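**Q** One line per chain: the protein sequences are A and B, in this order. Numbered by the working numbering, the letters in the first sequence go through residues 42 to 169 in order. Numbered by the working numbering, the letters in the second sequence go through residues -2 to 125 in order.
Everything labelled a hint here was simulated from the structure, so no lab data went into it. Because the structure is a prediction, the values reported are computed rather than measured. Heads up, a few of these hints could be off.
[Said to hold, decoys possible] Restricting the straight-line Cα-Cα distance to at most 35 Å, the calculated cross-link-like pairs of lysine-lysine (DSBU-like) are: (1) B:Lys103 <-> B:Lys90; (2) B:Lys95 <-> A:Lys57; (3) B:Lys92 <-> B:Lys103; (4) B:Lys92 <-> A:Lys57; (5) A:Lys57 <-> B:Lys90; (6) A:Lys98 <-> B:Lys103.
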Amino acid sequence: MADDTRPLSPHLQIYKPQLTSVLSITHRGTGAFLSVGAFFLTCWLLALADGAEHFAKIQAHFSTWYGCCLLYAFVFSLYFHLCNGIRHLLWDVGIGLDIRATYRSGYAVLAATVALTLLTLFLASGGG
Amino acid sequence: MARFSTALARVRGHGAAKSGTHHWLAQRLTAVALIPLSVWFVVSLLAVTEMNYETVIAWIQSPLVAVFLLLFIFAMFYHAQLGLQMIIEDYIKCKAVKIASLIALKFAVFFAAFAAAFATVDIYFTTP
Chain A
42 MADDTRPLSP HLQIYKPQLT SVLSITHRGT GAFLSVGAFF LTCWLLALAD GAEHFAKIQA
102 HFSTWYGCCL LYAFVFSLYF HLCNGIRHLL WDVGIGLDIR ATYRSGYAVL AATVALTLLT
162 LFLASGGG
Chain B
-2 MARFSTALAR VRGHGAAKSG THHWLAQRLT AVALIPLSVW FVVSLLAVTE MNYETVIAWI
58 QSPLVAVFLL LFIFAMFYHA QLGLQMIIED YIKCKAVKIA SLIALKFAVF FAAFAAAFAT
118 VDIYFTTP
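Looking at chain A on its own, in the form it has when it is part of the complex (with noise of 0.2 Å):
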């Protein structure tokens, strides 16, 4: 196809990253992410929805290791997607346009899902 066959000068391998482009890559790899977060939404909601042994099973799955780190990989997703999610809607009202305000929103959102995520661990752990 044409569209192939033409050389790209080097982007990606050059361009500094800064925290406007980091965010912006996470917001969207966040998004992906959650999306297969959906679809366990749904395999988890069948489980239930099949009775109590195949939702048990799906439940010990959760349990272990591997299934709270991933448990925890989609919480951490979802509050940064929310946060950046927020950033990005005041963007589209016009608000926080300039270079300061979007450094300054930027580590709020960061500062943000990291305070909730720990939030949500402890009081996942029984606390509060």
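Keeping the supplied structure of chain A fixed, place chain B upon it in accordance with the hints.
**A** Okay, now just chain B, sitting in the frame of chain A:
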């Protein structure tokens, strides 16, 4: 709105993407809906202290929970489909593969969303 293209150009698919604005708006509306819905989802799951068959079924069997869960499922899968569609449109260059992927995506998301919603309704009407 004035359309500055010839009839032939329109038939050939040149010019504006026609439903781009709708896609953009749907993505923002589902995002806004998902802010309270996903927070509700995480908080609710944390509140179900013991994750076994009986407690989860009991949680879903309240009308408000079932309604919010269905709304969450709908908004989440619609939002996911829109986001994944953007990823496919951005990174897949070959037209045939792109179109096949977009169709497969639509089917997969619809299947998962329908299954999740069906499971929820089924669980709601289950007599333990």
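**Q** Each hint: holds or not?
**A** Checked hints:
no.: 1; hint: B:Lys103 <-> B:Lys90; in the structure: holds, 18 Å
no.: 2; hint: B:Lys95 <-> A:Lys57; in the structure: holds, 30 Å
no.: 3; hint: B:Lys92 <-> B:Lys103; in the structure: holds, 17 Å
no.: 4; hint: B:Lys92 <-> A:Lys57; in the structure: holds, 31 Å
no.: 5; hint: A:Lys57 <-> B:Lys90; in the structure: holds, 26 Å
no.: 6; hint: A:Lys98 <-> B:Lys103; in the structure: holds, 29 Å
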